[in-house]
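Novice: Listed here are the chains, written in short residue letters.
Number of protein chains: 2
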Amino acid sequence: MQIVQEQICFGGRQIRYQHDSKVLNCSMQFSVFLPPQAKEGPVPALYWLSGLTCTDENFSSKAGAQRVAAELGLALIIPDTSPRGEGVADDEQGAYDLGLGAGFYVNATQAPWHQHYQMYDYVLHELPNLVEAQLPLTDKRAISGHSMGGHGALVLALRNPERFVSISAFAPISNPSDCPWGHKALGAYLGSDRQMWAHYDASLLLMSKGCSLPILVDQGAADNFLTEQLKPHALEQAAQQAQAQLTLRMQPGYDHSYYFIASFIEDHLRFHAAHLR
Amino acid sequence: MQIVQEQICFGGRQIRYQHDSKVLNCSMQFSVFLPPQAKEGPVPALYWLSGLTCTDENFSSKAGAQRVAAELGLALIIPDTSPRGEGVADDEQGAYDLGLGAGFYVNATQAPWHQHYQMYDYVLHELPNLVEAQLPLTDKRAISGHSMGGHGALVLALRNPERFVSISAFAPISNPSDCPWGHKALGAYLGSDRQMWAHYDASLLLMSKGCSLPILVDQGAADNFLTEQLKPHALEQAAQQAQAQLTLRMQPGYDHSYYFIASFIEDHLRFHAAHLR
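Line by line, the protein sequences give chains A and B. Take the first sequence: its position 195, counting from 1, is numbered 195 in the numbering used here, and each next residue is one higher. Take the second sequence: its position 153, counting from 1, is numbered 153 in the numbering used here, and each next residue is one higher.
To be clear, the hints were calculated from the coordinates, so they are not data collected in a lab. Do not take every clue at face value.
Covered stretches of chain A, going by a simulated chain B footprint (3 or more residues, C-beta under 8 Å) [unchecked claim]:
| id | segment |
| --- | --- |
| 1 | 3-13 |
| 2 | 54-65 |
| 3 | 122-134 |
Just so you know, even glycine gets a beta-carbon here, dropped at the ideal spot from N, CA and C.
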């Protein structure tokens, strides 16, 4: 785990690391924000999973999360969105929604993807094990993400509630079994058996397993992807059936961009901090 | 003046415009943030001038300024850093510090630059006239900027104190007559006569003209460009001689990046808002 870049930000450290991932079978970069409180002792962490086409840099530079994370004493752990590098399979047409930048936080079972695309295990185990061993972090974790990363955050925490204290998402792909992005990615990575897809569908997981963790979801009402791809109301219906603690906030006028995330990230950080205490 | 892109952000409007600039003799884009208060009536504006290689998008997406601007009822007016488009001269080697993205906020007098590179007049007159005629803005203005844009903010306001109420800068090029970036750009745009350069050198202007406006400057102490290019102490010495109200804050550990700007932009917005009232 080597430092690639480091900058002071709001009195804390914004650091980009490189490491060799065994799970992904390639070299990976990720970013971390360590708040000033980490100089005094270990701090809890919020994992942030980014959306299609992103790397760890989008959230780091555009969300404005460090200000409140520095106030609250929260670390931010920001992985990349797919395996990277030569030899890692990509979509043959270079599509933005499959392959590089589009790992969907699943463990792929299908060729050629299965050799590297194991983002579920990477984010759930390898990355936390690495940073908790080498950085001043407690083992208290919360998780959030945007769009494809909101899907990832929900799926990871719904399947492993003992690993996290709270879940949030911005404009998550809430029901990937029932939208074009999900059909394409889950079909490619997992094959055509839809029973396999259900393990990576937040609405189906919530309906079948329920959830004891609090969930906060913000969704822009003017988001171009709302009705075709994101479908937050499927998640809402599942939460009602499962009697889960979901707060879904429709935000009038907001779209799918980082201007939307920046506007509400403070609420999410305070929500997670209250549960991480 | 046409809207190219518009997003809701912190309850206000983040808008990118395109227009035909007579002064620059080309089509230009710029960004504006209108705070929620602009729905009720005209608001004052902070002009932000960006640094080398930037467009209007860097500050818009990375500084996190909209949150406090929305609270304070401040509009943000964010021009590009040079003329743009086919037919606009650029450095023949494609250097980052001359030509496109590097207009230095001067009125060029030398060929081939003088046909388009009139950023001083554009930011001082054409852009304010345009936005004050077409948007809910008062004629109260403050000005700030980063690096090359910090130089631009200081020069524009020192030469035209009646146009602004307050000046601030992040890591400004404080004494361009005496640094490599300045030698190269001022030499190319203005020719070899150093008396011409003095009209665009904040330290020389402050020494010769003084300044009645309050000035706030933040400078990262770990900025790679500090000693060779930025030279804030030249500005400090000039302020002492001229008995000007300069607050220069050296910020330990901070570098030249937007992580530095994001960390202190709130202080600058509150400083300007106090003078714009």
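Novice: Against each hint, give a clear statement of whether it holds in the structure.
Specialist: Results for each hint:
1. 3-13: The restraint on the segment 3-13 of chain A holds, since 5 of its residues have a Cβ under 8 Å from chain B and three suffice.
2. 54-65: Since 3 is at least three, the answer is holds.
3. 122-134: violated (count 0)
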